[in-house]
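Heads up: the sequence lines are chains X and S, in that order.
When you line the first sequence up against our numbering, it's residues 2 to 113, in that order.
When you line the second sequence up against our numbering, it's residues 21 to 137, in that order.
Hints should not be assumed to be uniformly reliable.
Straight-line C-alpha distance at most 25 Å; calculated DSS-like pairs for lysine-lysine [claimed, not checked]:
id: 1; chain 1: X; residue 1: K60; chain 2: X; residue 2: K37
id: 2; chain 1: S; residue 1: K34; chain 2: X; residue 2: K37
id: 3; chain 1: S; residue 1: K77; chain 2: X; residue 2: K100
id: 4; chain 1: X; residue 1: K52; chain 2: X; residue 2: K37
id: 5; chain 1: X; residue 1: K100; chain 2: X; residue 2: K52
id: 6; chain 1: X; residue 1: K71; chain 2: X; residue 2: K100
id: 7; chain 1: X; residue 1: K100; chain 2: S; residue 2: K34
id: 8; chain 1: X; residue 1: K100; chain 2: S; residue 2: K90
id: 9; chain 1: S; residue 1: K29; chain 2: S; residue 2: K91
These aren't lab readings, by the way, just hints derived from the structure by calculation.
Every value quoted in this text rests on a predicted model; they were computed, and no experiment measured them.
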Amino acid sequence: GQQVMQIPQYQHVQEGEDFTTYCNSSTTLSNIQWYKQRPGGHPVFLIQLVKSGEVKKQKRLTFQFGEAKKNSSLHITATQTTDVGTYFCVNAGGTSYGKLTFGQGTILTVHP
Amino acid sequence: DGGITQSPKYLFRKEGQNVTLSCEQNLNHDAMYWYRQDPGQGLRLIYYSQIVNDFQKGDIAEGYSVSREKKESFPLTVTSAQKNPTAFYLCASSTGTGRFKPYQPQHFGDGTRLSIL
Chain X
2 GQQVMQIPQY QHVQEGEDFT TYCNSSTTLS NIQWYKQRPG GHPVFLIQLV
52 KSGEVKKQKR LTFQFGEAKK NSSLHITATQ TTDVGTYFCV NAGGTSYGKL
102 TFGQGTILTV HP
Chain S
21 DGGITQSPKY LFRKEGQNVT LSCEQNLNHD AMYWYRQDPG QGLRLIYYSQ
71 IVNDFQKGDI AEGYSVSREK KESFPLTVTS AQKNPTAFYL CASSTGTGRF
121 KPYQPQHFGD GTRLSIL
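Take these sequences, add in the hints, and give me the full structure.
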């Protein structure tokens, strides 16, 4: 599958500030999945985006899939210390069935 | 509770030794996967299996081997040919994929941390 590039690699915020991570691909993606990995833990599935221009919300988290299906973003409003972790954007499509291609992730630190 | 169980949580390997990491799931999932994660990095796919008795190499299969004799089990052997095995190994499963349906989310186990003695 096509590698996705994720920025920023690190983000430090004060509790209550907003946070956004961006995911980009040079080719059109069939779909995107987002996962969160807490420090020392395992990735946990958050959401899947399939349609062009799709926007999905989960409480303070907003996920978007670009119109051209080449980029995606995750925005967290009013961060909390429980938001700490690494957020991965994952190319869930590609030429091999069942294969997920992980980006490097964005490591979020929230200072109380 | 349904889930994925990986064991052991920590494993130490001596030079020239093969070690096997266990992964068992009771989610009745068809597809299972093994990933390797190095510090500060994303996950890289080692092997995956979409059905019993069948598996395919991922991006970094050299020095690893797997088997899929039962639907519930997908053990990973790290062989002595893997010269840099120190990493966090994650097993995952999903309901599987098909040509005409979207990819399904993957459910991960708690991982095994492998180190060299």
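Hint-by-hint comparison with the structure:
no. : hint             : in the structure
1   : X:K60 <-> X:K37  : 15 Å, holds
2   : S:K34 <-> X:K37  : 33 Å, violated
3   : S:K77 <-> X:K100 : 11 Å, holds
4   : X:K52 <-> X:K37  : 21 Å, holds
5   : X:K100 <-> X:K52 : 19 Å, holds
6   : X:K71 <-> X:K100 : 18 Å, holds
7   : X:K100 <-> S:K34 : 31 Å, violated
8   : X:K100 <-> S:K90 : 21 Å, holds
9   : S:K29 <-> S:K91  : 22 Å, holds
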